[in-house]
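Each chain, written out:
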Amino acid sequence: MTYQTTASQAAINTPDTILIGIGNSGRQDDGLGWAFLDAVKEKGLFKGEIIYRYQLQIEDAEMISHARQVIFVDAFAGELESGFKWKNGRPSRDFAFTTHVLPPEAILFLCEDLYGKTIPAKVMLLEGKEWELEMGITEEAQEHLEQAVSFFHNLLKPEK
Amino acid sequence: MSQKITIDPVTRVEGHGRVTVHLDDEGKVNNAYFHIVEFRGFERFIQGHPYWEAPLLVQRLCGICPVSHHLAAAKAIDQIVGIDPEDLSPTATKLRRLLHYGQVFQSHALHFFYLASPDLLFGLDAPREKRNVVAVAIENKELAKKGILMRKFGQEVIKTITGKKIHGVAAVPGGVHKTFFPEERDYLLQENDTPSIDTMIKWSQEIVDFIKDYHHKNHQWLDTFANYPSGHLGLVSGDGALELYDGYLRAIDGEGKLTLNDIPDTAYLKYLTEGVEKWSYMKFPYIKHLGRKNGWNRVGPLARLNVCDHITTPLANKELQEFKSYYNGRPNHSTMHSHWARLIEMLYCAEEIKTLLQDEAILGEDLLREGHRRPEGIGIIEAPRGTLIHHYKVDDKGMITKCNLIVSTTHNNEAMNRAVRWVANNVLSEQKEITDGMLNQVEVAIRAFDPCLSCATHALGKMPLQVSVFDNDDNLVMERIKG
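One line per chain: the protein sequences are D and C, in this order.
Counted from 1, the first sequence has number 128 at position 128 by our numbering; the numbering is strictly sequential.
Counted from 1, the second sequence has number 1050 at position 50 by our numbering; the numbering is strictly sequential.
Just so you know, the hints here were simulated from the structure itself, not pulled from any lab data.
Glycine residues also receive a C-beta, built at the ideal position from the N, C-alpha and C atoms.
Where hints are given, some of them may not hold.
Said to hold, decoys possible - Chain D is nowhere near these chain C residues, computed Cβ spacing over 10 Å in every case:
hint: 1; residue: D1025
hint: 2; residue: E1043
hint: 3; residue: G1063
hint: 4; residue: E1086
hint: 5; residue: A1137
hint: 6; residue: K1141
hint: 7; residue: N1426
What the hints assert, rightly or not - In silico PhoX-like cross-links for lysine-lysine, where the CA-CA straight-line distance does not exceed 20 Å:
hint: 8; chain 1: C; residue 1: K1141; chain 2: D; residue 2: K117
hint: 9; chain 1: C; residue 1: K1145; chain 2: D; residue 2: K117
hint: 10; chain 1: C; residue 1: K1028; chain 2: C; residue 2: K1288
hint: 11; chain 1: C; residue 1: K1257; chain 2: C; residue 2: K1278
hint: 12; chain 1: D; residue 1: K87; chain 2: D; residue 2: K122
hint: 13; chain 1: C; residue 1: K1202; chain 2: C; residue 2: K1212
hint: 14; chain 1: D; residue 1: K41; chain 2: C; residue 2: K1164
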């Protein structure tokens, strides 16, 4: 049996795609980004590089400058239809910076500004509910995670 | 009316701290304190764990300098398995040193480019939204790109030896656990997606030139800002050279007179002790025979360059001699010169890394030594921020019964408080209006020490730094809280 990969799927599932999960598994649903990576790793369909981050740092602009594309995955405090959101990531200079928070849009902007490279990007947001110092994500967030992982794997799956 | 100013949190440092400034009715400073408000727990909860876990557990104290804790603990645990530093195999010693120089290099790059450079590039009165590394990146692209790659290089050194940039493992009791491969060495020697070690040396020289030029143009405030006499403490080698991994404890007083004369690091308890204050979780170390009032010391790059006689690498030694000549060989108490000293140390680390990478011994396979068990071990190294002491006792089964950690930032506790008082007295006192730029100067003084408050107290939870101004009746009248 032979499979053909659509252009959009091929664009996401390449060895030079970086998948970055942002979060902290010690703070309940803040661990959604990492849990997403764990699930993707376990399935073994994704061909790119998987990177865990507590938070994005300015040097990540240099790292993604070597990639063909990048996907950021992060928990979201608020309501999302279907419990997750898959959207395009766009460089933006309009961001609030603190030592502990640097959004994907800022990294994309710095990559463009410092290295002259506009890297195609996607952002996966996962709706979380609880953020206390505790291991493990909540039941509701788990459902959102499963839906998002299933959606992502459908994107990766080769079409017949 | 009397006032109390609070800066909370103090920013661009690692960890969570708070500054309070107490003013009287005329606005004169009554007192100023740098409070460390995090909870300390590592020394307690490591008890009951087997000794071989210590180098792995304690590196979780910090995400910036885990290698320092890993190596200090490893040196202590070596002694528990009967191995003194001179008994380690040459390969193990050299790989640990290579790891340590990589760590100091990346940590100094992080501090200078990411945390301190906004103060120097944009000035003390720059708007708050501009005082950060992103603004540096936007306005000084070449400097930012070099800073990013210099930090990356140090992290790559760490990764090749420990497997990970943060919280990897290299040292085990009596040695190291992994052979260093030729391809790993070549990766660091050659240009690829990370620049080569030769480029790192070149850029380190350039950044030393940058700070000297900056000093030339701004020497008035750099020389005088938070300049106050203090003792200085650091490790030196047997012949008085700058030493970061293993050596003798040397301290000098404010006049340059020796107060600790090259004592073996394992004898630290005979000479050093710690005081406590009710307003801070962080202790106050001092030299016993000088007492709490006179026995406190600065540690870190400025202190290390003050106590050492020379540096073993040629380029850094040349810079050291120029640095020392600025005050005619007398101790340098200019807090802002810490940045200059830090960059000279970066150059030193880069030179040492190259020497080690060219040494065939790092590719050796003699990694582990064994000895006879002892009940106690002490490991002291120079972490990026200063002298770091790890001390463990174990029972017959090898379980840790006692742990004492005196970290670099703790040594600097009194010095940082003096720096805060200097700014309070010289900048904030008797002012009609206290501006954001004035309060920023409190942070500039603290930041020069590159404190790691999470290391110093082994924090749990959020870690931002907080300045409060109180009146005579201790009512809070002004506060700065930043996240």
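Index of numbered hints that the structure contradicts, given in increasing order
Checked against the structure, the hints that fail are numbers 3, 5, 6, 10, 11, while the rest are satisfied.
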